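> Now for the letters of each chain:
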Amino acid sequence: MAGAKEIRSKISSVKNTQKITKAMEMVAASKMRKAQERMKAARPYAEKIRNVLAHLAQAHSEYKHSYLSEREEVKRVGYIVVSSDRGLCGGLNTNMFKAAVLQMAEWDEKGVEVDVCAIGKKSISFFSRFKAKVISEASQLGDTPSLEELIGAVKVMLDAYDEGKIDRLYLVYNEFVNTMTQTPRVHQLIPASGIVDKELTHHWDYIYEPDSKPVIDGLMLRFIESQVYSGVIENIASEMSARMLAMKSATDNAGDIIKELQTIYNKARQASITQEISEIVSGAAAV
Amino acid sequence: MAMTMHVDIVSAEVEIYSGTVTEVYVPAEMGEVGIMAHHAPLITKMKPGEVRVVTDGGSTESFFVSGGILEVQPHVVTILSDTALRAADLDEAAALEAKARAEAAMSDKKTDYDYAHAKAELIEAVAQLETINKLRKRK
Numbered sequence: 000m001a002g003a004k005e006i007r008s009k010i011s012s013v014k015n016t017q018k019i020t021k022a023m024e025m026v027a028a029s030k031m032r033k034a035q036e037r038m039k040a041a042r043p044y045a046e047k048i049r050n051v052l053a054h055l056a057q058a059h060s061e062y063k064h065s066y067l068s069e070r071e072e073v074k075r076v077g078y079i080v081v082s083s084d085r086g087l088c089g090g091l092n093t094n095m096f097k098a099a100v101l102q103m104a105e106w107d108e109k110g111v112e113v114d115v116c117a118i119g120k121k122s123i124s125f126f127s128r129f130k131a132k133v134i135s136e137a138s139q140l141g142d143t144p145s146l147e148e149l150i151g152a153v154k155v156m157l158d159a160y161d162e163g164k165i166d167r168l169y170l171v172y173n174e175f176v177n178t179m180t181q182t183p184r185v186h187q188l189i190p191a192s193g194i195v196d197k198e199l200t201h202h203w204d205y206i207y208e209p210d211s212k213p214v215i216d217g218l219m220l221r222f223i224e225s226q227v228y229s230g231v232i233e234n235i236a237s238e239m240s241a242r243m244l245a246m247k248s249a250t251d252n253a254g255d256i257i258k259e260l261q262t263i264y265n266k267a268r269q270a271s272i273t274q275e276i277s278e279i280v281s282g283a284a285a286v
Numbered sequence: 000m001a002m003t004m005h006v007d008i009v010s011a012e013v014e015i016y017s018g019t020v021t022e023v024y025v026p027a028e029m030g031e032v033g034i035m036a037h038h039a040p041l042i043t044k045m046k047p048g049e050v051r052v053v054t055d056g057g058s059t060e061s062f063f064v065s066g067g068i069l070e071v072q073p074h075v076v077t078i079l080s081d082t083a084l085r086a087a088d089l090d091e092a093a094a095l096e097a098k099a100r101a102e103a104a105m106s107d108k109k110t111d112y113d114y115a116h117a118k119a120e121l122i123e124a125v126a127q128l129e130t131i132n133k134l135r136k137r138k
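Quick note, the sequences are listed as chains A and B, same order.
Residue numbering for the first sequence follows numbering that gives the first Met the number 0, beginning at 0 and increasing consecutively.
Residue numbering for the second sequence follows numbering that gives the first Met the number 0, beginning at 0 and increasing consecutively.
Quick caveat, the hints were computed from the structure, so don't treat them as lab data.
Given the structure is predicted, the values throughout are model-derived calculations rather than measurements.
Every residue, glycine too, gets a C-beta built ideally from N, C-alpha and C.
One or more of the hints may lead you astray.
Said to hold, decoys possible - Cβ-Cβ distance ranges computed for the label pairs, FRET-style:
1. B:Lys118 / A:Asn94: 18 to 28 Å
2. A:Gln139 / B:Val13: 16 to 26 Å
3. B:Asp55 / A:Asn94: 17 to 27 Å
4. B:Arg135 / A:Thr182: 31 to 41 Å
5. A:Gly90 / B:Asp55: 26 to 36 Å
6. A:Ser145 / B:Arg135: 43 to 53 Å
7. A:Glu71 / B:Gly30: 38 to 48 Å
8. B:Pro73 / A:Asp216: 49 to 59 Å
9. A:Glu147 / B:Arg135: 39 to 49 Å
10. A:Glu162 / B:Lys118: 21 to 31 Å
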């Protein structure tokens, strides 16, 4: 009978685990919906600022921003790696780190050094173990990150670019394709290419107030920040849907284990009853 | 009929307004500007303050922006509003903080940061009050 009791306690512990994973699944599902809405809400700004920059690149400004031109020699590159703060979301972070590390290894072969800006706790702990140099970090952004919390971490990287410490800047995050698929994506932030290059129709320029330089500088800064922000938002949506899937399969697995344990328990119970009966019968025969 | 143009007011986190209007008033860095359709292309920074739009129906709507960038094309006006408090020294403070976190050595920078933060908050609060006062007077 001792076996039966052990099995029973095991069943109840698996059931508890199942309850937790089920709850986490549902929480992740509702958070995912909200995160998707936030993604949608952030889209107009990203589109508009891109339009403005495209116009600007078409205009004949005497001032060209350094973020738009390619540097000839690349000695050091920067990566902004966006991860989740919490685990239990399947292979989401691991896959993304793999994609990032693969690229970093390529740079390494060429003798180019890598600086990292880590956003999210997982990313911080991963890169502190990894040999890359972490020069800025931001974490605990929560489910509703505000741009304010990212400004500092991003500015460190932009300053490094301005000072010529890094010659390229990339953003790594998980792209939210749909609920079932999230793919790690490496996106080049600086030099910002592919914004422009439509045919110029006529010669024109903006009126800049007060001056072209501060205005364009400000605009570029906002543009980079908005890209990082939308990366973070998208990563959260990915995290939630990955967690939802991971927890769903965990709940299913727990169900399977419970079923198996229940069968074993029933068999043990039956065996002990059979044994008892046979003992009683043989006892009666002896009298 | 008055000539109209399209106005989009967006911030990084949400779309604030989008519609067809006849006039827009914006708190540009060099002073308030009023814009009507066929304005010359203009691009400028904004101060914290009130953005007013006169819709093609004739009604006025106003919004508060805490700075940002204004882009004017003859038929499209785009207002890229900041959501966060922004100032050069404040950004610097945030950068320092992020660095310090990375180096795990945040000790004496605190006071500087707080001053810059308070200053920017004050500027925004004053602008917000002005907007409220203006709105009150109009009613």
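> Now look at each hint and say whether the structure bears it out.
Hints, verified against the model:
| no. | hint | verdict |
| --- | --- | --- |
| 1 | B:Lys118 / A:Asn94: 18 to 28 Å | violated, 44 Å |
| 2 | A:Gln139 / B:Val13: 16 to 26 Å | holds, 22 Å |
| 3 | B:Asp55 / A:Asn94: 17 to 27 Å | violated, 50 Å |
| 4 | B:Arg135 / A:Thr182: 31 to 41 Å | violated, 52 Å |
| 5 | A:Gly90 / B:Asp55: 26 to 36 Å | violated, 53 Å |
| 6 | A:Ser145 / B:Arg135: 43 to 53 Å | violated, 29 Å |
| 7 | A:Glu71 / B:Gly30: 38 to 48 Å | holds, 43 Å |
| 8 | B:Pro73 / A:Asp216: 49 to 59 Å | violated, 25 Å |
| 9 | A:Glu147 / B:Arg135: 39 to 49 Å | violated, 29 Å |
| 10 | A:Glu162 / B:Lys118: 21 to 31 Å | holds, 26 Å |
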